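S.K.: Each chain is listed here by its residues.
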Amino acid sequence: EPEVTQTPSHQVTQMGQEVILRCVPISNHLYFYWYRQILGQKVEFLVSFYNNEISEKSEIFDDQFSVERPDGSNFTLKIRSTKLEDSAMYFCASQGQDTYEQYFGPGTRLTVT
Amino acid sequence: RKEVEQDPGPFNVPEGATVAFNCTYSNSASQSFFWYRQDCRKEPKLLMSVYSSGNEDGRFTAQLNRASQYISLLIRDSKLSDSATYLCVVDSGGGADGLTFGKGTHLIIQP
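Chains A and B, in that order, give the protein sequences.
So for the first sequence, this note's numbering puts the first residue at 1; every next one is plus one.
So for the second sequence, this note's numbering puts the first residue at 1; every next one is plus one.
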């Protein structure tokens, strides 16, 4: 069964550093998402991406965040200057054309020290 | 962004019992509704979509009441493997939009 994959599984970085989180969505899916989940809290929407552009973003997704689909398979989330409060689990999700169901990757645990 | 409210639990239920969860959502424009399950430190996994007519998948039954903005999930003949956090999830009403998650209801099935 096709699945969303994410790398790395765990990233440790120092405050102020840039990180890039990578996702490979399900191959025939057209809609891509990033979510985050701070430990013990609910899953929160960050951004959605369709047709090579952002279609929606939340108030969390400020200027330090950016997304890119650099090639036909990868979908990346860049955090330009990490803060302690960026420590969270970051999930990528993808969705096919004929459904509203989103499928999540295993996540990247980001720890900012 | 609108909210989804759930009873956090935990619900401690003996194996074989029937358990029901509810949630309410505040965005009347929401069009798509889902139950996901999440195991500890894992990703949300889609359990089932929820349709206005109600739907069943094996031991799981989901119901939607649009007028009351209320969604339910019933699990029959619960198994130890059903122990997880159940997330009530709705869209924002705009098609392929980001999802709004509830905080989840924690279910513990006891042998």
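Calculated directly from the structure, the hints in this document are not laboratory data.
Among the hints, a few may not be true.
[To be verified] With a straight-line cut-off of 27 Å between C-alpha atoms, the simulated DSSO-like cross-links for lysine-lysine are:
(1) Lys78(A) <-> Lys103(B)
(2) Lys2(B) <-> Lys42(A)
(3) Lys2(B) <-> Lys42(B)
(4) Lys57(A) <-> Lys79(B)
(5) Lys2(B) <-> Lys79(B)
(6) Lys45(B) <-> Lys103(B)
Only a predicted model underlies this, so the values are computations on that prediction, with no experimental measurement involved.
S.K.: Compare the structure with each hint and give your call.
M.R.: A quick look at each hint next to the structure:
no.	hint	in the structure
1	Lys78(A) <-> Lys103(B)	holds (26 Å)
2	Lys2(B) <-> Lys42(A)	holds (14 Å)
3	Lys2(B) <-> Lys42(B)	holds (25 Å)
4	Lys57(A) <-> Lys79(B)	violated (38 Å)
5	Lys2(B) <-> Lys79(B)	violated (33 Å)
6	Lys45(B) <-> Lys103(B)	holds (15 Å)
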